[in-house]
Every structure is written in C-alpha cells, then in structure tokens.
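Protein chains: 2
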Amino acid sequence: MNTDPLRELARLVRYYILTSSTRAGSGHPSSSLSATELMCCLLFGGVLRYDPERPGLPNNDRLIFSKGHASPLFYALWATAGRLTEDDLSRMRTFDSPLQGHPVASTPFAEAATGSLGQGLSIGVGMALNAKYVDKLPYRTFVLLGDSEMAEGSQYEALQSAAHYNLDNLVGVLDVNRLGQRGQTMYGHDLQAYAARVGAFGWETILVQDGHDPAQVLEAYGRAVSAGRPAMIIARTLKGKGVSVMEDKEGWHGKTLAPDQLDAALAEIGPVDKSLRGVIAPPEDLAPTKEASAAVAQPSYPPGKAVSTRKAYGNALARLIPGHPEMVVLDAEVSNSTYAESVKAVRPERFFEMYVAEQNMVGAALGLSRRGKKPCVSTFAAFFTRACDQIRMSRYSDADILYCGSHAGVSIGEDGPSQMGLEDLAMFRAILGSVVLYPSDAMSAERLVEAALEHRGITYLRTTRGDTPILYGPEERFPIGGSKVLRQSGKDAATIVAAGITLHEALAAEEILAGRGVAVRVIDCYSVKPLDTAALEQAASQTGLLVIVEDHHAQGGLGEAVCAALAGSGTKVVTLAVRRMPRSGKPAQLLEYEGISREAIVAAVTSNL
Amino acid sequence: MNTDPLRELARLVRYYILTSSTRAGSGHPSSSLSATELMCCLLFGGVLRYDPERPGLPNNDRLIFSKGHASPLFYALWATAGRLTEDDLSRMRTFDSPLQGHPVASTPFAEAATGSLGQGLSIGVGMALNAKYVDKLPYRTFVLLGDSEMAEGSQYEALQSAAHYNLDNLVGVLDVNRLGQRGQTMYGHDLQAYAARVGAFGWETILVQDGHDPAQVLEAYGRAVSAGRPAMIIARTLKGKGVSVMEDKEGWHGKTLAPDQLDAALAEIGPVDKSLRGVIAPPEDLAPTKEASAAVAQPSYPPGKAVSTRKAYGNALARLIPGHPEMVVLDAEVSNSTYAESVKAVRPERFFEMYVAEQNMVGAALGLSRRGKKPCVSTFAAFFTRACDQIRMSRYSDADILYCGSHAGVSIGEDGPSQMGLEDLAMFRAILGSVVLYPSDAMSAERLVEAALEHRGITYLRTTRGDTPILYGPEERFPIGGSKVLRQSGKDAATIVAAGITLHEALAAEEILAGRGVAVRVIDCYSVKPLDTAALEQAASQTGLLVIVEDHHAQGGLGEAVCAALAGSGTKVVTLAVRRMPRSGKPAQLLEYEGISREAIVAAVTSNL
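Keeping their order, the protein sequence lines are chains A and B. The first sequence begins at -17 in the working numbering and counts up one residue at a time. The second sequence begins at -17 in the working numbering and counts up one residue at a time.
Simulated pairs of lysine-lysine, PhoX-like, Cα-Cα distance not exceeding 20 Å:
{"no.": "1", "chain 1": "A", "residue 1": "K293", "chain 2": "A", "residue 2": "K326"}
{"no.": "2", "chain 1": "B", "residue 1": "K554", "chain 2": "A", "residue 2": "K554"}
{"no.": "3", "chain 1": "B", "residue 1": "K237", "chain 2": "A", "residue 2": "K293"}
{"no.": "4", "chain 1": "B", "residue 1": "K568", "chain 2": "A", "residue 2": "K237"}
{"no.": "5", "chain 1": "B", "residue 1": "K293", "chain 2": "A", "residue 2": "K237"}
It is worth saying that the hints were derived from the structure and are not from the lab. From a predicted model like this one, the values you see are computed outputs, not experimental measurements.
Isolated chain A, as found in the complex (with noise of 0.2 Å):
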C-alpha cells in the first residue's frame, strides 16, 4: 500500500492540532502528535468502519480516545474528515465550542467523556461486549490510550475483563511517547514492559517500533483485527512528534506552541493541502434484532411479611426484565447478597458477572449504555465508593444507569465498618442531575426499580441487608420526587423523617410516643433526590419539630438534604446519622450506639418538645 496519502493527511493533522491549540491558548498538542499516525492509519486507512453522517448507527466502529487530552488531535481527525470546519477548530475549549478541553457526551463523534485517565478501556468493554453479547454485532471497538494511564490499576480490570469475556472485537492502541506530565514515566520507550503485562492478561499485543511509519502502523491494524482475541498494539512514538522544539522533549505537557514558536513548527511541518480529505471505510448497514417488550407480573408481597429491599432488588430484576429488552444486569461477585443473581434464572446471557473490580464493571455499564442499554450495576453501597470517579465521569458521559447499592449502613450489623455504606448517599448525591432512592420494604424497593428504569440519567437505589416488614400495598405509587405520610394526625408535636431501616424505628418510635401520650407524623423519604420539600414544608410548619434520622454519616445525606431544602424555615430541625465509629454487632445494638434507634429517636422528639 502506498502511504504517501496518509503522510499528507497526517501533516494535515498536524497543522490542525498546532494551530487550533496555540489559538486557544491551552490544551495538549505534545500528545496530539505522538498518537497522529496511529490515528491516521485507523480513520482513514481502511481500518475503522463508520458513517460519519450517522454517527448513531448500530453498526458503526467505536473510537475511545481514552487519553482524553490528546483532544486537539481527535477535532483535528474529525477536520480532516470534513466533519469539522476550521473555524470550528478554532473555538476549541471556548466557552461556546462544543469542542472542549475533554471530550464530553456532547462533542460531535465522541463515544463517551474522557479526561480522567485508565476510563476509556472499560468503556470500551462494555462497547464490544454488548456487540458481541447483546446486538450481536460485527463492529469493532477501538481505545487510543495512553503509557502514563497505564499506571491506573483500572487498565488492569479492563484488560483481565475483556479477556475473560473474549472480546476479540476489541483494539487497544497504546501510544507509548514515554513521557508522562511531569517527566518520564515508569517504563519509558521499553515497550516489552507494557507487552509483558498486557500479555499476562490474556491479550495479543502487537509491537511497532515506528508509530509514525503508517505501514508498520497499518500492519499492525491488520494483525489486531484478525487475532482472535483482544488485542493490544504497542507503539513507539514520540511526544511532539514533527515539532523540534517539543519533540519528545520533557516540559511540554500540556503547554501549546507561543505564536512564533508556531510559525517555525508549521514551516517545519511543510505546506499542507487544505483541501485533501480522509476517507473512513463505510461500515455494514447492520442493526439489532429487536426483542419485543413482554409484559411483566405484578409485585406481591403479604402485608406485615418481612423481606429484605436488597431481594426485592433482585427479584423486580427478574419480573422487570421480560419488559425491558434493553436492561443489562452487572455485578461485582456478591450477587449472591445484592441478589442481581436472580436474573440469572430468567435471563442468564443479560447478566454479566464482572468480579470484584468496581471500576472496570462501572466503566463497562457506561459503554452498554452508550450503545443503548440500560444497566443495572450493584455491589455493596460501601463498594461503589471503589468507583467512586467513574461514577463521576459516566455524568458526563450523560449516562443511564441504575447503581445499587446494598449492605447501607451500620445496620448490616457483625461484619463491620469496612462493609458499611456510609457515604454512600454523599457520593451520590453530589452528582449533578442524579436521583437518588431509598426504599424501607419490598413494595416500594420493586416500585423504585421501575421507576428507575423509567428515568433517563443516572439512578442509585440504596438498598437494606436484614428484612423488614412490608409497608405498601400493590396499588401504591411511588414517584421519583415523592414520598409517603405514614402517621400523622391533627395534634402531631414533630415530624420523624426517614428512609430505609430508620423507617422502621421511626414507626416503633411513634408507636412508644403514643404510648406516651405524644403523637407524631411520620415520613418515608424513599426519594433522598429529588426531595419531597412541599411534604416536608407543610409537615414542619404543621408539627413545627423534625427528627431526621438515618443510617448514615452527618453530612451530605438525607439530613442536610432535608436542612437544605427547609433553610429559613425557622422550624427545630435535630438531625440522628451515625457520629460514632462504627464497629461489628448486632444491628439492634448499633442502631442504638450510634443514636438512631427507636429509643434515640424518642428521646429525641421528647427532649425537644
């Protein structure tokens, strides 16, 4: 093959990169350059299949740039490509570009939010196994990364992942420039360390010496294609490439060429054909088979029964999922306790056991949801704290996912604080636009799941390890935003406000209060947020004393949701959350260590009267 067409266009990209970054002044063209081949090869020599005009389309290749910052180079593929103009280049990371620093959901051509290094393979996972294992179709799936990612053990989950599931439709591309922010990295230009480990994980791995000679590029594409399993191109490469003054020279990172240092990089990249286009291979006009929606049952649960939420969990799973053919189910080797396993009897190949890697079973949910699914992922609340910045990210991957999280609170009881989600709620909570749900009985943990289910964007469900009583009948409802008056009468002294296993203390507690004389309102918060506030605000200005109380630590939970949300008020507010360190024993007794017992929650409303 002559690639000489290729040389032209890669200068072209270069030219793109060079300006567009020193225009806007900031922005990472030292690793632009390194990665231009590789990229060129696969864009526009044969290598990736897509349809530029339908970005959307089923079949089409998925490109990861997993190294987010190396963004100038991915505009400036899309430019040379003729999807981009060059004014549009030249607003890169202006504050009206949709070109930005990072890409985000939005960036034209871009498959999902990167920026936060050692993301982009589990993304990519979860790409090639919904093509694989879901549509069931042929498009491959490429990840541009990296070496200082490398160093994220998140790579490592990918990598293990990817294996185990055989993902031979899956192409890492790893642009080996040697240095990283602030110098050299781990292992330098020593591709065989990178072949070593990446090896180790099951994968093959393709060495290029010259990652800027598109033949042993294109060379490579070809063998990575046609290996039978995942494969990893390793390539040399040089930071800066082609621009003396920054070539792989350290000191560079992220730091654009001064107007005059511009002129002598473009005169040394030579005059460049504005006019040249990079063609993309059109992919196969292929889409899914569609599977029919089939009606679902009914939940049914004997009033009074006690049932765990984190099995009615499982079980909406099973009866939901005949209705939903796009949900997806992953957990992370407890779905023995999350009880996501019961989808395994109805629908085994939807399930996806991912292991306890947290972050890779996170990152691989968003790449099944970018492609259309909807993914139901658990593990332990505590647990997702592991996941903690992909969860972040998938925000901006303008993700849509149902996170649950069993095991909530000091209330697991024996196995202690490591097991606890205590920050759980927090963690959630401070993602923009999220909901976040807390069901006290099967009844309504059922009715939560499909409300999630229902709601685009990112959903946690935190659910309760030790049964509790069913609360609700069939024919309640429980809407995102909502929440349900349990007790209340025309002489209520104070509002308890609660969720989960607290609501089930704060129901004995007013059953001891009107023992006692005191009568109460009582409120299941199921929907921490969105927050029910008109319910909260008449309940304070009609009992003028709320208890919150709630298996969780003090701050960023449904305490300060409720003190938030009711500023001003002017209402007595005491807020019970776990102050205490946590430790193992029985619920009941850590419930009432920590001062969020059916006791605590008395004295409190008595002291306070």
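We have chain A already, so just place chain B on it with the hints.
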C-alpha cells in the same frame, strides 16, 4: 525441618477458627481454613520476626491481612501465640469485643483496617517504603492476599509500585483457594495465571503446589525473603480445608458451621492440645535514627500579590519539612500542578512519585502513616475520587494524613469537567471526624498546612488553580474550626459566606453592593469542617440573610454544611453552587455561567433583601 509441630499448631488454629465462628454465628471460617498453614508457617515457622509484647516496636516485621474476612484465622493465630484467650475468641464479632468482623485499627496486632478487598498490598507498599527509604530498618512486610481480590486493579498499582521502588522487603502471600463469594474465581486453581501476571510486573513469583504442606510453604518463604526483589508466594489451597462438609465446596463463603456440623468438624480435625503455644521469632531491637526537628521560616507574601493556593501548598511543604521529620510527600504524577514538587528541592528523599495510580498512593500513604509518618498526599481534587474507597477505609485505620486536592471547581477553566473537583468536599466531609480546609489566599493556605500537620487525623486541604490576591498578613492565625470576618459594619443587610475562589467573588460583590449603598458582611469560611458555627450564627442573627457561595456541587459542600449548622434559625439562606453541567471556558465565564460570580452574588443579595 520437622514440620510436625507446625501441623499440630495448625490443628489448634483450625479448632479456634471453627469454634469462634460458630459461636459468633457469622464470619468466614472457610476463607480462614485455606490460609491456615500459610500463616502458621509465617508466624510459627521462624519467618516472621515480631515481638508480641511490643507490637509498636519499629523493627517488628509487619503482617497485613488484605483478605480481612479471614479474621477468624487472624485471631486464632494470636490465640495460638498466647496473646488472646479462648474467652476473647468466644466474643468475636460481639459489640464489646475488639475482635471485630474485619480488622480495624484498634484490633490487637492488626497493622491496618481491611475488609474492602485489594487494599492491603498498597498499605504494605507504604510500610515497605518506610522500612527501606525512611526509617532504614530491616523489617519485612508480609501481606496475605485472597485470589478473588486479585481482580481489583489496585493490586496491579501496588505491584508496579513495589517493583519500581525495588521493595525487596515486601512479600505477598496469595491464598489461591479457587472460590470467591458466589462461585469460582476467574482463574480457579490456575496458579500460572497469577504467576504470569504478577511476574510481568517485576515480582519474583514462587509457586506452592500444596499450600497446606508446611514444608513447601516454609521453603517458599525462604526463597521469598531472599529474592532480592518483591516476591509473591502463590499457593494452591482449598477453601474450608480440613472440614469435609465445606472443603473446596461452593456455597460456604461467609458461612459458619451449625453446632452439630461443628462437632463433626472438630472430630475430623482430631484432638488438639490447647496448651501448645506458637512461638514467633524475635526481631532485632532497632529503631530509626531520629532526625532533629529544625526551626522553620515564616511565610511571607506581599499583600495584594496574586499567588495560587496550590503554589502556597508547595511552598508550605518545602518550608515546613525541616521542622517535621515525620513528613513524607506523595503525589500522583502531577506534582508540577499540585506543587508538591517544591519539596524535591529541599528533601528529595522524602518525596515519593506514585505515578497515575491514586488508589495505591493513598494505600501507601496509609502504610507510612501507620509507621508514624505524616504523609502529605496530593493530586487534583477530582482525582481523589479515584481513591474514595481507600480514603474511606483509611479512617478505620486511624490514619494521620493530609490530603491536598488542587484544581478545585469550575474555576480551573478550559480543561473542562473531567478535571474539576466538584464532589471533593462532599467526599471528604462524609469521612467521620475529618477536617476539611479551603484556603482563599496563599497566606492562609500556608497556615492551614501548618494546622494540618499539627492535627492528628484526616485533613483535606482544597486548593485552587488560579492566582488569588493575598488577603492576610503573617500575623493572622487560622485555627481549625475558625473563620474570618473580612468585611462588616453595623448595618450589614446580609452575610456572604464563601471560601476559596468564591471568597474573592464575595469581596468584589461587597464592593459593588457598597457602591449601591448596601452594606454586607463577608466571611471567609476556610474551615469547612468543623464549621465556625458560632460566627455563622452571630452573622445570621445580626444580618438576617445568608448567601453562601461555593465552587462545588450543591450537595455535601459548604452550603449544606451551613444549612445543617443553622437549621432552625429562621434566617433566610440562599446557596449559590454549581448546578449546571460544567464545561470548558474562561474561569470568569464559568463562574458566571454557574451563578457563583460576583454578579450572581450581588443579584442574590439584592433580590432577597
């Protein structure tokens, strides 16, 4: 060597494991039985050098149970060593017992809290770094690992870090018992799969075909401690070994024997001699050479000069390290952005480059903290979310660590949301007993680093990317829990509460409002946790309107902290926070877009008067 005594001791250990876990009615006997010989040989085979009378001895070898759920084994070992009684064991997992479900800091002989998988090896890296590079002591660190947890990416961060620092004093002991929580692990009993992967990261790998044969295990330890590089013993074991009802069988994770099953199991094990005592080899009685604490200079910044708080963090580290021999500095390959690099000029031997691997950085910092050091750990605020689980767990290890997150909020500008810390205050506030500090100028940043070094516990310091003018002179003091009133008059119509970048917007707003004849109070709320509630209450009662403004999402940050502190006061509160999808742009544009700019503050005050 005659291994009969070790076999006898192993039998006693099994007896304790089974009786204590059945008594507790919960816990992980099967996961304990698989590692019984591995640990008996370590402790009682002359490998571990440890003085049980003096657990704090600096030169004791260290043993970390990364698979913390094997706590019945851990406790049984110390009972066999004569350091716990059978009565102690019988109260395992009960409320008053120090023998919790998973080890925590207060557990006798535990080096760290574990139970969230895949964290022990990083803690071990920190302890081994301490031995080799800081304390310069010959103690070794051993880490017991489960096979399930090898799916966690954090393990590979620890492996690469240990190899990079050539930690020949670190030994991993991988208990390959084939079974995870809900079934077989990804690799079952394929020892080679683990060896290939661990070896690829530069470790010596030592296979043990029968991890229940003391002779084989002892030989492996001999090779491991003399490998001249970090070494991993990879041992084939059987989950539930020795108890036929559970041995190598699924369905026995986290499950104890019923009393009748226990009788049968004890009969299988055979008679035990409770008078036996396992003897641990003594360590050399060595202590590190204490570096004398030198006097430190005072910070000096010309009033009005613009210096970023991140730069001040670096300045403070370099200034203070001569006075704090316990300080060590760790950074995740962004030390030229966080300015942690400043310390390299004065104390390069106390700076540890941890590359782009935040989980291992935090874990290693914890290991150093547990060995009496004061780690100052930095990366972008956004990227601490990557280590949220490790940070959460560090609390249960009684960590003494300063975490510094730079590049807070949308005010970083063009790089966009992936790089913006917008959930960090929520994350760190939700840690029990944490201190959260957010300086607005370089002088207060310097003082708050001083305060954090004096404080024992977890402190989070949030720094800002852009330069901000110096507000304070060298005489100002910034106690934890304090605040500063920067503007006030006798006729303030409102109080603006801010910290960091928004404080400068607040000051600008105050000027604009003053020009319009509206006097407002401005409070620098540099101590986000604990909050200066008294000052806020006073301001609320005196000025009657509070406008809180923060460069952070609306949940879990300064706004909710203040709302919770002032709940019930009846003072009107308006919180300005990041509520729209963040994006790229100029810092001032983004503050305006999010409604946290000076103009937004002016509007909020004006419209709420």
